[in-house]
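Protein chains in written order, with this note's numbering: chain A, 1 to 272; chain B, 1 to 337.
Please keep in mind that the hints were generated in silico from the structure rather than gathered at the bench.
Even glycine gets a Cβ: it sits at the ideal position worked out from N, Cα and C.
Errors might be hidden in some of the hints.
Some, not all, of what chain A presents toward chain B, calculated at C-beta under 10 Å [what the hints assert, rightly or not]:
#, residue
1, 110
2, 186
3, 246
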Amino acid sequence: MIRKVTSSPLTMVGLIIVLIILLTAAFAPLIATHDPTEPNILNKLQPPSAEHYFGTDEVGRDIFSRIVHGTRISLRIGLIVVLISFPIGTVLGAIAGYIGGRVDQTIMRITDIFLSFPGIILAMSIAAALGPSIENVVLALAATWWPWYTRIVRSSVLSIKNSEFIEASRALGANPFRILFKEVIPNSIAPATIQASLDLGFVILSAAGLSFIGLGAQPPSPEWGAMLSNSREILRDAWWAATFPGIAILITVLGFNLLGDGLNDVLDPKQR
Amino acid sequence: MDALRFIARRLVLMIPILFGISILTFVISNTIPGDPARLILGPKATPETLSALQEEMGLNDPLYIQYGNYMAGIFQGDLGQSTYSQRPVSEDLVRYFPATFELTMFAMVITLLIGIPFGIISASRKDKIADQITRVFALMGVAMPAFWLGLLFLLFFYLKIGMFPGSGRLDTGMSPPEYITGMYTVDALLTGNWPVFRSAVMHLVLPGITQAAITIGMITRMTRSSMLEVLGSDYIRTAHAKGGSENRVLYGHALRNGVMPVITLLGMAFGHALGGSILVESVFSWPGLGRYAVNAINYLDFPAVMGVTMLIAVMFILVNLIIDTLYFFIDPRLKHD
Chain A
1 MIRKVTSSPL
11 TMVGLIIVLI
21 ILLTAAFAPL
31 IATHDPTEPN
41 ILNKLQPPSA
51 EHYFGTDEVG
61 RDIFSRIVHG
71 TRISLRIGLI
81 VVLISFPIGT
91 VLGAIAGYIG
101 GRVDQTIMRI
111 TDIFLSFPGI
121 ILAMSIAAAL
131 GPSIENVVLA
141 LAATWWPWYT
151 RIVRSSVLSI
161 KNSEFIEASR
171 ALGANPFRIL
181 FKEVIPNSIA
191 PATIQASLDL
201 GFVILSAAGL
211 SFIGLGAQPP
221 SPEWGAMLSN
231 SREILRDAWW
241 AATFPGIAIL
251 ITVLGFNLLG
261 DGLNDVLDPK
271 QR
Chain B
1 MDALRFIARR
11 LVLMIPILFG
21 ISILTFVISN
31 TIPGDPARLI
41 LGPKATPETL
51 SALQEEMGLN
61 DPLYIQYGNY
71 MAGIFQGDLG
81 QSTYSQRPVS
91 EDLVRYFPAT
101 FELTMFAMVI
111 TLLIGIPFGI
121 ISASRKDKIA
131 DQITRVFALM
141 GVAMPAFWLG
151 LLFLLFFYLK
161 IGMFPGSGRL
171 DTGMSPPEYI
181 TGMYTVDALL
191 TGNWPVFRSA
201 VMHLVLPGIT
211 QAAITIGMIT
221 RMTRSSMLEV
231 LGSDYIRTAH
241 AKGGSENRVL
251 YGHALRNGVM
261 PVITLLGMAF
271 GHALGGSILV
281 ESVFSWPGLG
291 RYAVNAINYL
301 DFPAVMGVTM
311 LIAVMFILVN
321 LIIDTLYFFI
331 DPRLKHD
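So that you can see chain A by itself, here it is in the shape it has in the complex (with noise of 0.2 Å):
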């Protein structure tokens, strides 16, 4: 399998990528070469320059500085949308597929229900209902991405709820719960797993789009979307504050999706 990640050179970028994100996070103050919140009036608007390699924005902080903190914020965004997320999903189409009948089908109308809103739009409601802060957009966005996983595991513990086994266990008398949570569970995760990898990129995403109209982080923080937010008034002069924080996400984005369109190829390979 390792091999099979090595060969692909996408794969191989994504990894990369993921790792430089992951590095930049834990090291942030060593790579920062200024406080990301301190202004310094003084030096504000100052383009790309040796003493800023990004430029400073209107009250002279220095952009650099914050994107590598930021990296914190939206990895942290991320990975606690999915680490409540995932379960909630998994454990519900798990109970879906596999007791089936009317639970099954209660499970899934409420997935369709919470999926019959476009993404962002649920998202944006419920955080506008619980006020703006970062934890709000991570309930937000954990509250409307669970459905995903639900499906996805489902359909793949439909696939394996006959195998010889499910039904040895059964046979053998092991109690139903221990049998989805011993068995069922653990053979049918991986999909979803991929799924969650990739989407670890799509949630942050989310959660720039969010604080872009600002309902997810709020002044100073540098987040990345609240720094998008805020470079609109000073685009006409400093199209580096507009810039920078964009390609920031872009990366991050791309590389958790390389890594896990990577991962699926490998494990589903008629996908190609």
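Here the structure of chain A is known, so what remains is to put chain B in place on it, guided by the hints.
For chain B alone, coordinates are given in the frame of chain A:
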């Protein structure tokens, strides 16, 4: 007759979904921290006026009664009062809807015109340089924050070279065409008002491409993988074996079956584009539902946010219904199901 039965069945299936959406939006509305009555009256309200308003707004009733009232209101087109615009939310939705619809349709047209040909080219030259380039672009499109692309467009096409306008739907000082559909390009065409038509199209270009960027990558990738599947199938191999030229096999045999599954994805693409309108409209000050919702968020105008949410969800369902129906007519296999 089969088609009618198919549509009827889909309409019946819509009912529980719409019911679910109403419950979900009701639950969200009820999670607002704080008391809506207090929010309306402000901090200086006396306890008497506060409790009077709470009573009037039905905030003391049990939840199921509140939900009943809420639904009764929706059926009468009453979505509450917008505290930001001071008008009924339903009136605002009617006012801003055509702008969003026009922009989204424009973006969808761009998406199809670019996404499908690129997907076909990519599949027919699999692993060649054209395929690699298309795939990288599609991947970038999917990974890129559209609102950021919008900012870059503003920087270059509006601020730097001034080729396209950067905000609104018409040049300043120009009055909108006579109201027929509310979509300026359509209305201007219908009334033969060329200067307005031209201005409306110019204003659509940047936000339209920005919004299309969200879905182009998606449609390209879908077209590619669907075409690849068809190109690898037995009947295509037969067509090759019979000595059909590359182009004839591609366009005569593979195209129809390869592109068809993409149609089913259009509904989802439309939903993505609608969702993206929230962000794109606020970048380009496009006076549609998205910008209305974002303003409403900033003014804590909750009925307006919920109105937009519900309208967009209903639109999303309707579009999917239309597409499924279309697909039913296009794909003969479904008729025999």
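Hint-by-hint comparison with the structure:
1. Taken as an interface hint, residue 110 (chain A) checks out: its beta carbon lies about 7 Å from the nearest beta carbon of chain B, inside 10 Å.
2. Because the closest C-beta pair between residue 186 (chain A) and chain B is about 29 Å apart, greater than 10 Å, the hint is violated.
3. The beta carbon of residue 246 (chain A) comes within 3 Å of a beta carbon in chain B, closer than 10 Å, and the hint placing it at the interface holds.
Taken one by one, the earlier hints fail for this structure only at number 2.
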